[in-house]
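Enquirer: Letter by letter, the chains look like this.
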Amino acid sequence: MDTTGQSNLDAIRDIRKIMERSSRFISLSGWSGIGAGLCAIIGAIVANRTMQQYYDADRNACFQCLVADLVLIASAVFVAALIVAFLFTYLKSRKDGVAIWGTAARRLLWNTMLPMVAGGIIIWKMLDLGYYELIVSSALVFYGLALVNGSKYTMGEVRYLGYAEIATGVISLFVISRGLYVWAFGFGVLHIVYGISMWWKYDRKTDQ
Amino acid sequence: MKNPIQHLNKIFDSRVRLGIMSALVVNPSVNFNELKELIEVTDGNLASHLKTLEENGYVKVEKGFIGRKTNTTYKITKAGEKAFKNHLDALEKMIRSIS
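Residue numbers (the numbering used here), protein chains in the order written: chain A, 1 to 208; chain B, 1 to 99.
Quick caveat, the hints were computed from the structure, so don't treat them as lab data. Heads up, some of the hints might be wrong.
[What the hints assert, rightly or not] Listed below are the simulated SDA-like cross-link pairs for lysine to any residue, each with C-alpha atoms no more than 25 angstroms apart in a straight line: (1) B:K36 with A:W101; (2) A:K152 with B:K75; (3) B:K51 with B:N71; (4) A:K125 with A:I73; (5) B:K63 with B:N45; (6) A:K152 with B:V26; (7) B:K75 with B:V61; (8) B:K75 with A:V98; (9) B:K63 with B:E40; (10) B:K75 with A:I12; (11) B:K36 with A:D10.
[Stated by the list, open to error] Over 12 angstroms on every C-beta distance to chain A, these chain B residues come out as not near it, computed from the model: (12) T42; (13) G44; (14) A47; (15) L50; (16) T52; (17) E55; (18) N56; (19) G57; (20) F65; (21) A79.
As the structure is a prediction and not an experimental result, all values here were calculated from the model. C-beta atoms are modelled at their ideal positions from N, C-alpha and C, and glycine is treated no differently.
Given only the sequences and the hints, what does the whole structure look like? Please build it.
Expert: Structural data, given as structure tokens:
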């Protein structure tokens, strides 16, 4: 190819790169997914043990205390997962030399937080009213919707994780007694699978 | 046959100006520092290219404040969008004619 052809191709490559980088938050690290997934699985193991203890105890054990404990575990896992996910993404953005806080990050945050906050309020009300059976599926479905909504502003693959979370949430409606396992699958296994595949696709070369 | 090069916009010959237009066409507005980071140029270089685009009516400037710090944001104009699209079409035609 002659030199003008080459320079035109370079121009198009530049245009594409800048369009992508300016509209999407692309520093999301595969390790963030893996880390968040591991937090969720550890949380599920702790929650499982707490529930075992409750059911092994005598019939007068305090049910409200169990609920409070589980909410505490879930909140701790949420915060831990958020910190871990943020940390790896921060490290990646430092390595790539892109600012973590820009228009793209702001849009991503807004578009994922909106469904999450709405879902959070609904779940909080469910706890209040004692509709415990629906909490697992609500959490998964709202989280999945948040991911699908946010995927336009970050790596497109996040959309598929979102679909998987929504599907898991819907399926969980039909296996309510196995809620904790579905929870561990949705927030743990799916994140880890997603994280590994993203790491394989984007981070593998730079990490080595 | 018509020479496709004549449709290539001279103003977009520069890598920096092409970069500025690429960023503005997909975002409602972008501020100076974000542009600087995206395109990886010095302040002076970016400012002079922005000036050229502004003078040609392809971008408009809005000066504002965040707290006490000045925050200059840039937006693409209708004319800018059209010029950029024509430039992309011309690039596409040229590449087609070669391959």
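Enquirer: Closest CB-CB distance from A79 of chain B to chain A, is it above 12 angstroms?
Expert: holds, 18 angstroms
Enquirer: Is the straight-line distance between the alpha-carbon of K63 of chain B and that of E40 of chain B 25 angstroms or less?
Expert: holds, 22 angstroms
Enquirer: When you check the alpha-carbon spacing of K36 of chain B and W101 of chain A, does it fall within 25 angstroms?
Expert: With Cα atoms ~14 angstroms apart, K36 of chain B and W101 of chain A stay inside 25 angstroms; holds.
Enquirer: Far enough from chain A: is every CB of that chain over 12 angstroms from the CB of G44 of chain B?
Expert: holds, 20 angstroms
Enquirer: K152 of chain A and K75 of chain B were given as a pair; does the straight-line alpha-carbon distance stay at or below 25 angstroms?
Expert: holds, 21 angstroms
Enquirer: Are the Cα positions of K152 of chain A and V26 of chain B separated by 25 angstroms at most?
Expert: holds, 12 angstroms
Enquirer: So if I understand the rule, the pair passes when the alpha-carbon distance is 25 angstroms or less; does K125 of chain A with I73 of chain A pass?
Expert: holds, 18 angstroms
Enquirer: Between K75 of chain B and I12 of chain A, is the straight-line Cα distance small enough, at 25 angstroms or below?
Expert: holds, 21 angstroms
Enquirer: Next pair to validate is K75 of chain B with V61 of chain B; report whether the Cα-Cα distance is within 25 angstroms.
Expert: holds, 7 angstroms
Enquirer: Could you let me know if the closest chain A CB is still more than 12 angstroms away from the CB of G57 of chain B?
Expert: holds, 20 angstroms
Enquirer: Was F65 of chain B rightly flagged as not at the interface, with every chain A Cβ beyond 12 angstroms?
Expert: At roughly 18 angstroms from the nearest Cβ of chain A, F65 of chain B sits farther out than 12 angstroms, so the non-interface label holds.
Enquirer: Quick one, are K51 of chain B and N71 of chain B close enough, alpha carbons at most 25 angstroms?
Expert: Status holds; Cα separation ~16 angstroms.
In summary, the structure agrees with every hint in the numbered list given earlier.
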